[in-house]
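**Student:** Assemble chain A onto chain W, guided by the hints.
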Amino acid sequence: MKTLIEITDLTYKYRSGGGNAVTALNGVTMQVYRGEILAITGQNGSGKSTLARHFNALLTPGSGEVIVDGLSVNDKKNTAAIRRIVGMVFQNPDNQLVSSVVEEDVAFGPENLGLPQAEIVKRVDWALKSLDLEAYRYRSPNSLSEGQKQLVAIAGVLAMKPKCIVLDEPTAHLDPKGKREVLENVQRLNRDEGITTVLLTHSMNEVVHCDRMIIMDQGLIKLTGAPRELFAQAEQIKALGLDLPAAAQLAYGLKLKGLTLPGNILTIEELVASLCQLP
Amino acid sequence: MYIGTSKLTHTYWPGTPFAADALKNISFSVGQGTFTLLIGPSGSGKTTLIQHLNGLLKPSAGEVYFDGKKIGPDKAALLALRRRVGLVFQMPEDQFFSETVFDEIAYAPRNLGLDEKKVEERVNRAVAQVGLERSRLLDRHPFQLSAGQKRRVAIASVLSLEPEVLILDEPAAGLDPEGKGNLLNLLSSLNRAGKITIMVSTHHLDEIAALADNLVVLNEGGLVMSGKTKEILARGAELKELGLALPQVTGIMHELAARGLPVSTDIYSLSAACDEILQAKRADQR
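These protein sequence lines are chains W and A, in that order. Sequence positions in the first sequence follow this note's numbering and run 242 to 520. Sequence positions in the second sequence follow this note's numbering and run 2 to 287.
Chain A on its own, in the form it takes in the complex:
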């Protein structure tokens, strides 16, 4: 098992009248180099689950695994884990505290005790990875950047740890369409070219579904579905039942198929939908 959990349960405020099971008996695993979406309505336990994957929360029962090993309570091991599994929180730019973009991204590598030359290398590499123009931006105050740029600085500040796994909680929240598009391209290239294992928690499937190998679906703290993207998205009615929506293009393909146009319905991106419809129309005309 590369990263995952076995019978993980997490109880908030245990032993008090407010005790609440945020996660119940969750078992799942994903392979190295994969792209996984963790979906579920608000309050389903997505954020609680990802906080276990880099040891920020400890299981009330069950185990969490990374790279074949059980995550234990040992402090040194947890520190090492957090270098290898990077976590980008929701609205990460709310937590900026440095005076310049450079310092913000350099914070983690400096904490690793690297010398300033190595720190600079790490910052430059992270900045290049997220596609920011370094000459123009590194000296600026993080709050002077656009929302899309801030989000990329936040991701760069985690990438500067050179993690093997990157976990992002609602990374597109609050971004405009262009910012969202850039972010999806970034995640796709980190996964494909950078070989980083990626896990994204979200309640919006849309275009991001086209990037994902696997889907893990939570509801009320329980795991309700887990598998290949194609298999899970074929269960549209069940997802809808949970208050989730299929990607809009997938919905369109379902409608077209229902009206007799011979199109496949496992289509998650506009460009794939375009090709599929054109092919069906051409076959129709023949």
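Next comes chain W alone, as it looks inside the complex:
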């Protein structure tokens, strides 16, 4: 089966302070495919996080259906199993670290699964090794950089051996070096361990490296496709309040001013190559 998460006509409403219902998701149908890196983007308040919180049953549908690896989120009996399949990493690492020693923090998840001690040790070793954190094993997370702390949070999720990791703006608080560390590791886990990855982000430069992207607006999915396809539709992207990646944006500006360039420039390398080849 190619699809890991299947969402059909999902609706979700929040109750606001005044007692009015605010529709956060308004009939969303989408899939997450096994082994892919999927980016979900859209303006603040477009419904990205609400949607992602359905992937591991943190929220249950107002109406519609969410099936994770064959299990329905609607059935409470599936919740524990679904949370083992889909792990979640949030924006601020300081809110997710629970222990004062890196190794213990990473062991927290597997311990809660009730695994035998030997298996826990094996998983912690593997998770720390996969994220290149072995040197920090006995350190306090507080003594690490923000990027490393976020990697510890990811290691904690990885130690649960999920099939899918959902990252909700994992780099928003990080400096450029931290961002690079986290993204490179996320890509490596996807490539080497085959972990299906869903990345919620505002950074179009992060989206460029994903297999597919979904753009949300006001609780609906507005566009789905490969980043290269979607970023070729510059006007539509801008109308949804989003940017193009820097190189694509520059190419778009140059074309508006009359320069002839290929239609689908996405990366800096492509832009530089085509500008330097032009007669």
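Since the hints were made in silico from the structure, they are not lab data. Hints may contain errors.
[Stated by the list, open to error] Calculated lysine-lysine pairs in the DSSO-like style (CA-CA distance at most 27 Å, straight line):
hint, chain 1, residue 1, chain 2, residue 2
1, A, K70, A, K229
2, W, K370, W, K418
3, W, K363, W, K402
4, A, K25, A, K231
5, A, K118, A, K196
6, A, K231, W, K418
7, W, K418, A, K229
8, W, K418, A, K25
9, A, K59, A, K76
10, A, K196, A, K229
11, A, K25, A, K71
12, W, K402, W, K317
13, W, K243, W, K402
14, A, K282, W, K498
15, A, K241, W, K418
16, W, K254, W, K317
17, A, K196, A, K119
18, A, K282, W, K496
All values reported here derive from a predicted model rather than from experimental measurement.
**Tutor:** Below, chain A alone, put in the same frame as chain W:
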């Protein structure tokens, strides 16, 4: 010296085994009406430094200056200072506590003891400055607003003090591209039209670099570079060494120049990059 520090050192938990120097011997100053970016990797001391500039933290050693005078421990003077130097914290909307947007923005002027008519004038002026539609929003609960609107309400609630200096800690964090764009326009107009001295602490240079006159770079509590934006951004290799990145367009211009396209590399905004590339291509064709 309009605002700045002289040999400022700050030690957290002094005299304990946990004593840590968050700032070491920092001296810098910026002029009135300027726009300054304070950059550095996380943990470099940016937030500690800006908390000294309006007297929230006291130096362990060294001095902090504002408007030619040393900031002292006198309580009345500190209060006056905080009216003139406004500080917008990181994720400021996390600290909202009022029932309506109006009350949130009116909190500071009410605390100044102004009468309600004057308070309303201040709120209206601040709301207009940040470009919020007052008729629609003032009666709403702050939590009902979008992230970009909340951030602007937070800035308005500091502007209602009518400060001469506005200091913002990572003001664009968590905003979507449109919200970010609006925020940059707002900061630029407060600085240019409103004549407010602005200082922004951030680890993302990108488009904001095009607004800045000066850059101050911190690393591990020390000041490593300080000067005109153009001079500092010409030192890309050193910035990279510190884990910082040049604005992406600047990176593109460097690549193009390296490949032989005759373009200038001190370019920090997409529109400037566009013009520069077109000019170079046209010169090429001639």
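**Student:** Does the alpha-carbon distance linking A:K118 and A:K196 stay inside the 27 Å limit?
**Tutor:** holds, 25 Å
**Student:** Going straight from one Cα to the other, do A:K70 and A:K229 come out at no more than 27 Å?
**Tutor:** holds, 24 Å
**Student:** Do the alpha carbons of W:K243 and W:K402 lie within 27 Å of each other, as the hint requires?
**Tutor:** holds, 19 Å
**Student:** With a cut-off of 27 Å on the C-alpha distance, tell me whether W:K370 and W:K418 pass.
**Tutor:** holds, 20 Å
**Student:** Regarding the pair A:K196 and A:K119, is the alpha-carbon distance no greater than 27 Å?
**Tutor:** holds, 22 Å
**Student:** Between W:K254 and W:K317, does the CA-CA distance stay at or below 27 Å?
**Tutor:** holds, 19 Å
**Student:** If you draw a straight line from the CA of W:K363 to the CA of W:K402, is it 27 Å or shorter?
**Tutor:** holds, 11 Å
**Student:** Can you confirm whether the C-alpha distance between W:K402 and W:K317 stays at or below 27 Å?
**Tutor:** Holds. W:K402 to W:K317 sits at ~21 Å (cutoff 27 Å).
**Student:** For the pair supplied as a hint, A:K282 and W:K498, confirm whether the alpha-carbon distance does not exceed 27 Å.
**Tutor:** holds, 12 Å
**Student:** Holds or violated: A:K25 with A:K71, Cα cutoff 27 Å?
**Tutor:** Since the Cα atoms of A:K25 and A:K71 sit roughly 19 Å apart, the hinted pair holds (cutoff 27 Å).
**Student:** Is W:K418 within 27 Å of A:K229, Cα to Cα?
**Tutor:** The given pair, whose Cα atoms are some 24 Å apart, holds under the 27 Å limit.
**Student:** Against the 27 Å threshold, does the CA-CA distance of A:K231 and W:K418 hold or violate the hint?
**Tutor:** Answer holds: A:K231 to W:K418 is near 22 Å, not above 27 Å.
Of the numbered hints given earlier, the model fails none.
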